[in-house]
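Full structure from sequences and hints, please.
If you're matching them up, the sequences are chains A and B in order.
Per the working numbering: the first sequence = residues 7 to 364.
Per the working numbering: the second sequence = residues 7 to 364.
There may be inaccurate statements among the hints.
Copies of one chain are not kept apart here, so a pair can be met inside one copy or by any two copies together.
For lysine-lysine, the following BS3-like pairs were computed, each having C-alpha atoms within a straight-line distance of at most 25 Å [as the list claims (entries may be wrong)]: (1) 232 x 130; (2) 50 x 317; (3) 117 x 232; (4) 117 x 317; (5) 114 x 317; (6) 215 x 130.
By construction, these hints were calculated from the structure, which means they are not laboratory data.
There are 2 protein chains.
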Amino acid sequence: MARCYNFCAGPATLPQAVLETARDEMVDYQGSGMSIMESSHRGKQYSAVHEEAEANVRELMGVSDEYAVLFLQGGASTQFAYIPINLLGAGQTADYTNSGAWAAKAIKEAKLIGNVNVAADCGKEIPTRVPTAEELQLTDGAAYLHITSNETISGAQWKTFPTVAAPLVADMSSDILSRPIDVNQFGLIYAGLQKNLGPSGAALVIIRKDLAERVPANTPTMFKYKTHIEQGSMFNTPPCFSIYILNLVTRWLKGQGLENLFAQNAAKAATLYAAIDAGDFYRGTAVCECRSDMNVTWRLPSEELEATFIKQADAEGFKGLKGHRSVGGIRASIYNAFPPEGVDALVTFMKDFEARNG
Amino acid sequence: MARCYNFCAGPATLPQAVLETARDEMVDYQGSGMSIMESSHRGKQYSAVHEEAEANVRELMGVSDEYAVLFLQGGASTQFAYIPINLLGAGQTADYTNSGAWAAKAIKEAKLIGNVNVAADCGKEIPTRVPTAEELQLTDGAAYLHITSNETISGAQWKTFPTVAAPLVADMSSDILSRPIDVNQFGLIYAGLQKNLGPSGAALVIIRKDLAERVPANTPTMFKYKTHIEQGSMFNTPPCFSIYILNLVTRWLKGQGLENLFAQNAAKAATLYAAIDAGDFYRGTAVCECRSDMNVTWRLPSEELEATFIKQADAEGFKGLKGHRSVGGIRASIYNAFPPEGVDALVTFMKDFEARNG
Numbered sequence: 007m008a009r010c011y012n013f014c015a016g017p018a019t020l021p022q023a024v025l026e027t028a029r030d031e032m033v034d035y036q037g038s039g040m041s042i043m044e045s046s047h048r049g050k051q052y053s054a055v056h057e058e059a060e061a062n063v064r065e066l067m068g069v070s071d072e073y074a075v076l077f078l079q080g081g082a083s084t085q086f087a088y089i090p091i092n093l094l095g096a097g098q099t100a101d102y103t104n105s106g107a108w109a110a111k112a113i114k115e116a117k118l119i120g121n122v123n124v125a126a127d128c129g130k131e132i133p134t135r136v137p138t139a140e141e142l143q144l145t146d147g148a149a150y151l152h153i154t155s156n157e158t159i160s161g162a163q164w165k166t167f168p169t170v171a172a173p174l175v176a177d178m179s180s181d182i183l184s185r186p187i188d189v190n191q192f193g194l195i196y197a198g199l200q201k202n203l204g205p206s207g208a209a210l211v212i213i214r215k216d217l218a219e220r221v222p223a224n225t226p227t228m229f230k231y232k233t234h235i236e237q238g239s240m241f242n243t244p245p246c247f248s249i250y251i252l253n254l255v256t257r258w259l260k261g262q263g264l265e266n267l268f269a270q271n272a273a274k275a276a277t278l279y280a281a282i283d284a285g286d287f288y289r290g291t292a293v294c295e296c297r298s299d300m301n302v303t304w305r306l307p308s309e310e311l312e313a314t315f316i317k318q319a320d321a322e323g324f325k326g327l328k329g330h331r332s333v334g335g336i337r338a339s340i341y342n343a344f345p346p347e348g349v350d351a352l353v354t355f356m357k358d359f360e361a362r363n364g
Numbered sequence: 007m008a009r010c011y012n013f014c015a016g017p018a019t020l021p022q023a024v025l026e027t028a029r030d031e032m033v034d035y036q037g038s039g040m041s042i043m044e045s046s047h048r049g050k051q052y053s054a055v056h057e058e059a060e061a062n063v064r065e066l067m068g069v070s071d072e073y074a075v076l077f078l079q080g081g082a083s084t085q086f087a088y089i090p091i092n093l094l095g096a097g098q099t100a101d102y103t104n105s106g107a108w109a110a111k112a113i114k115e116a117k118l119i120g121n122v123n124v125a126a127d128c129g130k131e132i133p134t135r136v137p138t139a140e141e142l143q144l145t146d147g148a149a150y151l152h153i154t155s156n157e158t159i160s161g162a163q164w165k166t167f168p169t170v171a172a173p174l175v176a177d178m179s180s181d182i183l184s185r186p187i188d189v190n191q192f193g194l195i196y197a198g199l200q201k202n203l204g205p206s207g208a209a210l211v212i213i214r215k216d217l218a219e220r221v222p223a224n225t226p227t228m229f230k231y232k233t234h235i236e237q238g239s240m241f242n243t244p245p246c247f248s249i250y251i252l253n254l255v256t257r258w259l260k261g262q263g264l265e266n267l268f269a270q271n272a273a274k275a276a277t278l279y280a281a282i283d284a285g286d287f288y289r290g291t292a293v294c295e296c297r298s299d300m301n302v303t304w305r306l307p308s309e310e311l312e313a314t315f316i317k318q319a320d321a322e323g324f325k326g327l328k329g330h331r332s333v334g335g336i337r338a339s340i341y342n343a344f345p346p347e348g349v350d351a352l353v354t355f356m357k358d359f360e361a362r363n364g
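Below, the structure is given as structure tokens:
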């Protein structure tokens with residue numbers, strides 16, 4: 007069995023040990039006589055998975071009882087609507103920062119629900135970056151401030167988070183659990199699973215419980231965080247298999263040790279940026295102080311060379327290096343489960359490619 | 007490997023061949039060097055799965071180009087809101103039939119969005135049943151008529167569908183693709199996958215495309231059927247693994263032959279109802295003409311005997327026979343993938359149990 011180096015931005019590479027466990031348990035889950043996919047979501051097998059996944063997320067991220075940990079469906083894109091529906095009262099204003107394509111989507115949806123102030127806008131700047139705390143034009147009494155902690159497409163990342171009066175809401179889809187954060191600095195954190203945490207089909211939401219009380223009474227039941235808090239993410243049938251894989255990934259994260267993993271993530275990114283900066287052939291897309299540790303983006307001297315680079319890399323087993331179709335270039339997504347030796351191998355390939363084409 | 011007989015109401019039993027394929031392809035999907043869970047949703051491996059799943063649903067159900075086939079997240083419970091948001095214009099009224107717990111949930115959510123007329127209400131009757139076409143009190147110019155084709159909890163099922171002027175909308179979560187229907191009789195059909203079609207985590211929606219044009223412009227993008235029609239259910243990352251399993255299940259359905267499968271479903275249910283009707287010990291919950299072929303519900307002479315029945319059955323490998331916690335009694339869910347020999351074995355157990363306790 008040959009595993010490739012999978013640089014896809016999401017869905018993305020998972021720990022091989024997780025896949026092997028999923029394979030071994032697929033037809034008969036722990037002697038229950040059925041797959042976990044066939045198991046009642048109210049039964050003891052799945053309940054244990056669901057509870058352990060929540061407990062592991064709480065332990066790994068240091069989530070206090072003041073917060074709920076939810077597993078919801080619809081991806082981060084559904085959260086773009088849920089957040090203003092639940093948190094943005096009539097007559098209030100929500101502050102949003104625009105740092106790129108994903109922030110812009112969050113802003114677009116919030117504007118359909120209520121008043122939005124774009125507190126800073128560098129979404130279309132090249133080189134790409136996120137705003138600084140100093141440039142934020144905040145609203146007095148804002149319902150919340152929304153940021154996108156890592157822009158998957160542009161490869162720009164907040165390195166420290168702004169301290170503001172309003173609850174801080176963060177889309178962490180592409181860097182959750184990749185570095186130490188203090189959850190208490192946030193009102194709400196959300197992330198699609200399919201980058202650092204598991205397969206697609208579920209989103210993790212960590213919400214300070216008092217914020218869920220703001221929701222208008224006539225909101226559809228599924229759209230209320232309050233519903234899912236009260237029902238432990240079991241108001242309706244959850245996406246059981248995605249949560250089962252999340253649980254295996256959280257076990258793997260605990261086994262790695264977070265400090266080791268965070269250091270490894272930083273080292274992987276540093277290795278790749280060093281290769282980019284080694285000469286003039288490769289050119290990083292993001293400003294240095296905003297360079298993402300998760301999605302490393304760069305250009306080559308021409309689009310023709312970029313196409314050749316992607317094609318030759320693919321042939322050598324480096325998959326998914328093509329930049330997002332909206333921006334082009336090269337993107338290497340190196341999430342938690344991406345192995346350091348894959349980065350080293352890519353750097354070797356990059357040097358060879360430059361020697362042949364530089 | 008010992009597989010049990012899994013009578014769970016959903017998540018529910020899947021074809022063993024599907025699980026074995028998922029197991030074999032888990033770590034390296036068809037030589038791609040990655041799991042289908044790790045594969046980009048825009049890449050060729052997953053795209054082929056997504057397209058085949060849609061094509062198979064179209065072929066199996068005879069869905070014309072006038073309809074879109076969508077794979078969405080959030081289960082049928084999210085559709086309870088999406089349907090009135092998309093189809094129930096301001097000042098219009100939607101007709102709903104109340105046939106039990108699931109219909110009541112659909113009604114509750116629709117009332118949060120717009121005007122609802124309950125066209126017939128037998129939701130709390132015992133023995134359980136669905137309304138007759140004759141008793142429907144319909145609204146002139148109704149936006150649509152909503153029915154629940156099979157009530158999973160009560161075990162009552164529409165055997166023929168009412169012919170009405172308004173578009174007919176049906177929650178088919180627990181009987182989709184279990185019997186022949188004419189899709190052209192419906193404006194919209196929806197179903198969570200986790201009973202007849204696959205694992206939890208995705209819902210199938212079949213919608214006449216013109217109905218999707220009714221949606222107000224300021225609706226959040228994810229809540230619009232129009233979005234998902236235009237983007238082929240790829241507006242955001244879909245629940246790829248659930249759709250992958252759906253695709254395997256649709257292949258299995260095609261391999262079975264629908265006519266064989268439909269006949270087998272009817273025969274399984276007939277066998278079980280015959281056992282219930284054989285004496286006075288067991289008593290069916292639904293009126294005879296509404297008895298579900300998917301969820302067979304019955305009572306024993308006492309709740310104590312029911313508890314003993316469930317416990318002894320469980321010990322002999324008949325899993326998930328406990329009726330829904332809201333109604334009690336016994337429920338055997340015998341969806342497409344439930345094997346006929348499991349029904350025969352249960353009938354033998356029932357006879358033995360009666361002989362010992364009758």
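Results for each hint:
Taking the closest pair of Cα atoms, residue 232 and residue 130 never come within 25 Å of each other, the shortest separation being 36 Å inside a single copy and 28 Å across copies. Taking identical chains as interchangeable, the C-alpha atoms of residue 50 and residue 317 lie at most 25 Å apart only when they sit on different chains, with a minimum of 15 Å there against 48 Å within one chain. In the homo-oligomer, the alpha carbons of residue 117 and residue 232 lie at most 25 Å apart both inside one protomer (22 Å) and across protomers (19 Å), since each shortest distance falls under that limit. Taking the shortest alpha-carbon separations for residue 117 and residue 317, neither the intra-copy value of 41 Å nor the inter-copy value of 54 Å comes in at or below 25 Å.
With identical chains, the CA atoms of residue 114 and residue 317 are never at most 25 Å apart, being 35 Å at best within one copy and 54 Å at best between copies. In this assembly of identical chains, the alpha carbons of residue 215 and residue 130 never lie at most 25 Å apart, being 35 Å within a copy and 35 Å across copies at closest.
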